[in-house]
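Same order as they appear, the protein sequences are chains A and B. Everything in the first sequence is counted per the working numbering, starting at 1 for the first residue and increasing by one. Everything in the second sequence is counted per the working numbering, starting at 255 for the first residue and increasing by one.
Because the hints were derived from the structure by calculation, they are not lab data. The hints are all genuine.
Computed far set for chain B versus chain A, every beta-carbon distance over 10 Å:
1. K344
2. P381
3. E409
Which residues of chain A face chain B? A few of them, derived with a C-beta cut under 8 Å, are:
4. P39
5. F119
6. L126
7. Y135
8. N232
9. R234
10. L236
11. E237
Between beta-carbon pairs, the in silico distance windows are:
12. G346/B - G187/A: 39 to 49 Å
13. R37/A - K524/B: 31 to 41 Å
14. D532/B - S186/A: 51 to 61 Å
15. A508/B - L82/A: 53 to 63 Å
16. T94/A - I512/B: 38 to 48 Å
17. R462/B - G40/A: 21 to 31 Å
18. P463/B - A93/A: 38 to 48 Å
19. T549/B - P71/A: 44 to 54 Å
20. K213/A - V338/B: 38 to 48 Å
By construction, the Cβ of each residue, glycine as well, lies at the ideal position given by its N, Cα and C atoms.
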Amino acid sequence: MRKQFWKTIPAVTALAVAALALEPVRAQSPATYKAPRTPGGHADLQGIWQVRNTAPALDLERGSAVIVEPPGGKIPYLPKALARRKKNFENRATDDPLKKCYMPGVPRITYLDFPFQIFQTPNYTLIAYQYIHIYRTIFTNGSQHIDGLDFWNGDSRGHWEGDTLVVDVSDFNAETWLDASGNYHSGALHVVERYTRTGPDTLEYEATLTDPKVYKQPWTLRLTLYRHTEPNFRLLEYECQTDSDEQAKAAGKP
Amino acid sequence: MRVFGWITTAGAVLAASSWLAPDLSAQPQQSQQPQAQQPQQRGYGTRSGEPPRGPRGGIPSGTPAPAVGNGGEPAFFSPGPPHVPGGPVKRGPDGHPDIQGFWNAANDGGAVFEIQNHPTARPGIPPGRGAIVDPRDGYLPYMNWAAAKAKSNYEHDLAAEPELHCYQSGIPKQMYDQFGFQVLQPPGYVVMTWEFMHAYRIIPTDGRPHIADDIKLFEGDSVGRWQGDTLVVDTTNLNGRTWLDTVGNFHSDAEHVIERFTPVDSNTIKYEANVEDDKVFVRPWKIAMDFYRNTEPNYEQMEYACIEGNQDIQHYTKDKGGAADVKLK
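Chain A on its own, in the form it takes in the complex (with noise of 0.2 Å):
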């Protein structure tokens, strides 16, 4: 049986009742919403953050209504790339990459039912997930992505457009999914995604996919973020491990 470490279960649930009792935050208009700026100027993203529509980690066509572009919001796979999907959704209960602990990959993690927490310094944007320790450093010093390398979670590269920070995503490997329902993309997947405060705990998160190999066009998703504002809220620990019959497999041994 996988082992999930339920002794951090009972706080987090305490923490997040608490959050489930609040009224939902009422997102305000980009266009009139100022927010607070950071020692450097930028708008300030810093807090931690979680979605609360839980239904886009699951599928991310069916019921969650996060896509946006194109109309109709369905992912505009190419004909060739339908099939793949298919046996994806048709195994999904094995070859999901996180039934594996595998990373989950950008944009997967951003709307995954778990928190992170978002740090900027000058050079530097670094988002802490509660969700199997995972961290991303976003650089925000005008440096260059890596050739010639491929990573879980992409090499990410920010700069700001106004009070949008937008993170040029880019390295990734064929591994990872885009939801639990076998949506899917190819080494040559390419994400930008962009951080926009809306209101005091809001976030606005966009994210624009682009993979000549699968899809017809780019396309985009959208969803809404939301502080936690308990008081001493932090980020806990949701570590994944298979367990010690496939470690022995892995081993070599029965």
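Chain A is already provided as a structure; the job is to place chain B on it using the hints.
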């Protein structure tokens, strides 16, 4: 068939479904990865016959490793780039030392292999004095039962080494893991990220209390404060599932660590950790080591995938030529 509970932070079982155990032999070929593609080679105790990889900025990959022990096993550890003496300690806008940047534990006592004194070479482990400065003899002040357990860990249970299974390292082991770490000081925090095992520590410096006692974490709960120019970090809530080194020295969930980070110049931090654990040790003990700044221009940490292709466990088991009985936990 097995049951997988998908646990959300709402504490609800969102979906519980039966699923077949993944056939590990059918895992997709790992793609080109700087580190994940390899068996999890951490540069020491490597038994696969391939040259260990050096981290970028460290000893170049393929650098001959000293042969030690009767078996001529390669021992390898990259201490990072050479230490460059620095200028005055920089200060942040809050007046506290600015220790942002990339650092490597000097590890000159070989604590990454074994935290306590180890004057005799063993397979894969060169001799060293470890990092323990109190007690002065450099040995952990174990209770009798705990000394026996540590010995048994080494002799029979090396395959249970937590890092071998891609667990986080715990405190203080995290600080002397290799491949170094980055420090960021956003307002109200000191944040550390490691390339190794993509671990991080978020240390608030705003005076907040520890989390509730019944929450236990691999990395514990850390709170920090500045005492003059020394960052003092108090860590509790540790889960007792981590080791202090690679050879079976251990602690319990009663562990309480107080660390002191004192920058002495812009490129050098004096580090001390005082460890109390009244379930395992007869008295508190202390380690000390230096952290050196990595001054390589434009250095960046890479992504370290571990569980995504971990074959390291094979290097430890008897059927694969290793020393350990297969006794997995």
